[in-house]
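S.K.: Here's the letter readout for the chains.
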Amino acid sequence: DHNGQCEITGQQDGGTLELEKEQQACKKVRKQMSEELEAEGSGESPDCDWSLLPQELLLHIFQHLPLLDRAYASQVCRGWNEAFHMPELWRCFEFELNQPASSYLKATHPDLIKQIIKRHSNHLQYVSFKVDSSTESAEAACDILSQLVNCSLKTLGLISTARPSFMEVPKSHFISALTVVFVNSKSLSSLKIDDTPVDDPSLKVLVANNSDTLKLLKMSSCPHVSPAGILCVADQCHGLRELALNYHLLSDDLLLALSSEKHVHLEHLRIDVVSENPGQHFHTIKKSSWDAMVRHSPTFNLVMYFFLYEDEFGPFFNDEIPITHLYFGRSVSKEVLGRVGLHCPRLVELVVCANGLRPLDEELIRIAKRCTQLSAIGLGECEVTCSAFVEFVKMCGRRLSQLSIMEEVLIPDHKYSLDEIHWEVSKHLGRVWFPDMMPTW
Amino acid sequence: NPNPRPRSCNHAPNVGKVFEVSAAVLVSPPSVDFCSTLISMVVNSVHWFRKGLRLHDNPALQEALNGADTVRCVYILDPWFAGAANVGINRWRFLLEALEDLDSSLKKLNSRLFVVRGQPTDVFPRLFKEWNVTRLTLEYDPEPYGKERDGAIIKMAQEFGVETAVRNSHTLYNLDRIIEMNNNSPPLTFKRFQTIVSRLELPRRPLAPITQQQMNRCPTQIPDNHDQLYSIPSLEELGFRTEGLPPAVWRGGESEALERLSRHLDKKVWVASTRVKTCSLYASPTGLSPYLRFGCLSCRVLYYNLREIYMKLCKRSTPPLSLYGQLLWREFFYTAATNNPNFDRMEGNPICVQIPWDQNPEALAKWAEGRTGFPWIDAIMTQLRQEGWIHHRARHAVACFLTRGDLWISWESGMKVFEELLLDADWSVNAGSWMWLSCSAFFQQFFHCYCPVGFGRRTDPSGDYIRRYIPILKDYPNRYIYEPWNAPESLQKAANCVVGVHYPKPMINHAEGSRLNIERMKQVYQQLSHYRGLSKKPHQSMNIMHQNVWLDQKWSDVASC
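Protein chains in written order, with my numbering: chain A, 705 to 1145; chain Y, 197 to 757.
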């Protein structure tokens, strides 16, 4: 929201540091007031004078106020107005750019934006832009970016809340705005540019200026980037801990670069596998590349989202793959789920939107047996017999912290009816459980 | 009765005035007994039909007849408002047929239905005076708008010295009781709701229909010009064009409802014993939902009939709550909505997640008019517009497509289209279901997305549903009928339907759309989670399934049951 809370954009200040500052400030006020009391000599308490509040306390209070309230407070007196403009209050900001015709949300006031650029652009460190689906909003974001010349950003997020409007902005306009930030910041740590027209040359600029500091890069669905472009990032940015991209950018070279000795342990790799046209062919990644990743970063999370037609899964799950979080956004076949059970020993979370009309009994039981880390499972339009489901839950036991099964998934059989199954399952889970329901009217 | 009127009014008019004055002085209305010892008074009842369009199980109507001298049944209708309201032709037709049915049933009892044109606040003062009304009865309307409207009318009635009687018969239970039993807030999970309901006493038994004898004791004075003053309007009068209008698939009215009920129960006999997973997308001759909405069928009559059949067949003492499925969902949403005037919108609605939906009137129109280019979606919206009813799986499909699945348009827009076209769209049930299906409320997981191709194909592999409602596609083979754009051009030409020429191209790439939307939902829920203190680093949540942001409340609620 507009209050620029630093927690939201990822600042990692310890709460204790704040507390100490606060305590110091309080001490100072008390001292000031007792000094005044002595000076008065009469023993009468001085009038509560708000103007005596030291800046540190004001800052602390202002940090708790939403932006609008802070703005009102700043109109009260010069002192408070100065406090309003203290650099510490302008480290984080989220620009909300919406057009009334395309969004229900309110936008950051243009005057406020002007003020920020004028007075605070060199204070900004953690910045995000939330835009709606209109091109004007995305262009407005680019305009602001172009003006952040004195900024030394640590975090930048370009977030489209509906359709990806950054893709509608003329590419050159977008790139030049973005490179302003890349060149001037020199200490970018976190960058979120999903669904934007970023390209290989601009990534080179990013790397040239921020290779020492870059820790997080999210760039899913950036169609103008090539595998070579992202490889450049992995090669140079050895501190990269989190990366999100589309499958077509993934290569054996990339994985090897991420597992090189110079590179820190990767924490989180997210890959979206999206089908552009039916019957699309996807390249394969060698098992050895994945093995290298696991050796180098034994605890990293591999999150994969699949949006493919059923017959496009050929290249996948034929070898062991260290997936931890697996999402099938469309229908996936029994056969593929069988392969998942065989080849995904590190699986933690599995979500299947749809399967088909044959029960997934064997596949689920195999997954329970072999995916010993599985703690969350979600099944949408699938079928499982009640007995097999109970067996599955029994085998997983209490490690299943999230079990989200649509009611229609469960097929009653000779052993269990729908009304009985949730008791059985609850028993094995150690907590009350029942399936997800949809209204039937 | 604070305003007793002497039996013979042709005495000195001052007598009446004296009573009026003295009545005005009274602080609280005297008991009926007290009044009757003073004077014998005439009771002229008016029963105000709104929902509850039936003569069976109608406690308010019974109250109108109870000890009355005359009774008149009214329905108030503003034809001018009809044109402006978001109500389509099928819904009006259903209502008018229900009114015709009431009128004809009342005729058999030597009475009539009085359809009064205007707004209640204008109509009632006139009627109170003209008919010397002393008692007004109405079925309790639990919806927030209804409560407000009725509050104003009841107040007005009191000012006119008209006694009012309100009786609950549109819902199975007293909704306030359910709320009370849930720590004074409506249950927001269906399971929780079921648990509370299972602790309540059974719903009150339905009352018998009003009888000829009852009516004979309080005859209706039918004026000679009744058909000129109080007739039921026609569709044309309401501003609809009816040339070429196909006959109604769902006939309105209590008689039709009761016939369907007996057919429905016949079917239930064998369904109760075998669990049949049928999904007929077509209008069923035993479907009851529109009749429940308009009150042509009493929900309690349905409830007790189901209960009886189950107990007869299964010889078990308590039927499972799942037997009443549809009825309890209806009750659930009514309960959730009754104290929430903002239930039908996102902004200002405390139970609704604030989601940054897109505003896109063009896309919305394509969806509403069945021009999305996805035959499954288009067929469903076509059936909805033509007939006024679609199966609940079909509702899930189109609701998901409009909101969190593909178009990312607000559920409020979808709700309004349903309100216009769907016969059984109660305000509460419609709004609640849309919030549910768009994952805006009631703690839904958003991961499962209905594919506009796959879900349709799995629901109806034969493709006949598509062929019936999108006849231009009828010559497509099953393999391509759900995704005609993927058919080779030669096939499209052979089927006399080229995509992009005779049938629209798909308006969105579903894979890309659903990928984007799942990201959007994640963003929303991660921020929520964060605000709730459930996650430290919101941008890093790798889990696809969201921790229920009200997790502690949901589970502890249930665990305590």
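Simulated from the structure, these hints should not be mistaken for lab results. As the structure is a computational prediction, the values presented were derived from the model and not from experiment. Any given hint could turn out to be false.
In silico SDA-like links for lysine to any residue, alpha-carbon gap of 20 Å or less [claimed, not checked]:
id, chain 1, residue 1, chain 2, residue 2
1, Y, Lys-718, A, Glu-1111
2, Y, Lys-247, Y, Cys-414
3, A, Lys-1038, Y, Pro-657
4, A, Lys-896, Y, Glu-708
5, Y, Lys-387, A, Leu-1122
6, A, Lys-896, Y, Leu-517
7, Y, Lys-351, Y, Lys-387
8, Y, Lys-387, A, Met-1142
9, A, Lys-922, Y, Pro-657
10, A, Lys-1119, A, Met-1142
11, Y, Lys-247, Y, Gly-263
12, Y, Lys-387, A, Lys-896
Listed next, the stretches of chain Y that the computed footprint assigns to chain A, with coverage defined by at least 3 CB atoms under 8 Å from CB atoms of chain A [claimed, not checked]:
id, segment
13, 261-272
14, 617-630
Not close to chain Y: a few residues of chain A, all C-beta gaps over 12 Å, as computed [to be verified]:
id, residue
15, Trp-754
16, Leu-757
17, Asn-913
18, Pro-931
19, Ser-979
20, Asn-1022
21, Ser-1121
For each residue, glycine too, the CB sits at the ideal point set by N, CA and C.
S.K.: Taking the hints in turn, state whether each one holds.
M.R.: Status of each hint after checking the structure:
1. Simply put, Y:Lys-718 and A:Glu-1111 have alpha-carbon atoms about 23 Å apart, too far for the 20 Å limit, and the pair is violated.
2. Proposed proximity of Y:Lys-247 and Y:Cys-414 is contradicted: the alpha carbons are some 23 Å apart, above 20 Å.
3. For the proposed pair A:Lys-1038 and Y:Pro-657, the alpha carbon gap of about 18 Å is at most 20 Å, so the pair holds.
4. Between A:Lys-896 and Y:Glu-708 the alpha-carbon distance is near 19 Å, which keeps this suggested pair within the 20 Å criterion.
5. The suggested pairing of Y:Lys-387 with A:Leu-1122 holds, with an alpha-carbon distance near 14 Å, which does not exceed 20 Å.
6. Only pairs whose Cα atoms come within 20 Å are accepted, and A:Lys-896 paired with Y:Leu-517 is rejected, the gap being roughly 48 Å.
7. Restraint check: the Cα-Cα separation between Y:Lys-351 and Y:Lys-387 comes to about 38 Å, which exceeds 20 Å; the hinted pair is violated.
8. Taken as a hint, the Y:Lys-387 and A:Met-1142 pair is honoured in the structure, with Cα atoms around 12 Å apart against an allowance of 20 Å.
9. For the hint linking A:Lys-922 to Y:Pro-657, the alpha-carbon distance of about 40 Å lies beyond 20 Å, and the restraint is violated.
10. Taking the CA atoms of A:Lys-1119 and A:Met-1142, the gap is near 25 Å; set against the 20 Å cutoff, the hint is violated.
11. Distance restraint check for Y:Lys-247 and Y:Gly-263: the Cα-Cα separation of roughly 24 Å exceeds the 20 Å cut-off, and the hinted pair is therefore not satisfied.
12. A C-alpha spacing of about 40 Å is found between Y:Lys-387 and A:Lys-896, which places the hinted pair above 20 Å, so the restraint is violated.
13. Only residues whose beta carbon comes within less than 8 Å of a beta carbon in chain A count, and the segment 261-272 of chain Y has 0; fewer than three means the coverage is violated.
14. As drawn, the segment 617-630 of chain Y meets chain A at 4 residues by the rule of a beta-carbon pair under 8 Å; at three or more, the given contact holds.
15. Interface exclusion of A:Trp-754 from chain Y stands, the closest Cβ pair being 30 Å apart, more than 12 Å.
16. With a least beta-carbon separation of about 29 Å from chain Y, A:Leu-757 lies farther than 12 Å from that chain, consistent with its non-interface assignment.
17. Its beta-carbon lying about 22 Å from the closest one in chain Y, A:Asn-913 satisfies the requirement of being farther than 12 Å from that chain.
18. Chain Y leaves A:Pro-931 outside its interface by the beta-carbon criterion, the shortest separation being 20 Å against a cut-off of 12 Å.
19. Separation of A:Ser-979 from chain Y is inadequate, the least Cβ-Cβ distance of about 5 Å not exceeding the 12 Å criterion.
20. Distance check on A:Asn-1022: its Cβ is at least 22 Å (rounded) from any Cβ of chain Y, clearing the 12 Å threshold; non-interface status holds.
21. Against the 12 Å criterion, A:Ser-1121 falls within the reach of chain Y, whose nearest CB is about 8 Å from its own CB.
In summary, the numbered hints that this structure violates are 1, 2, 6, 7, 9, 10, 11, 12, 13, 19 and 21.
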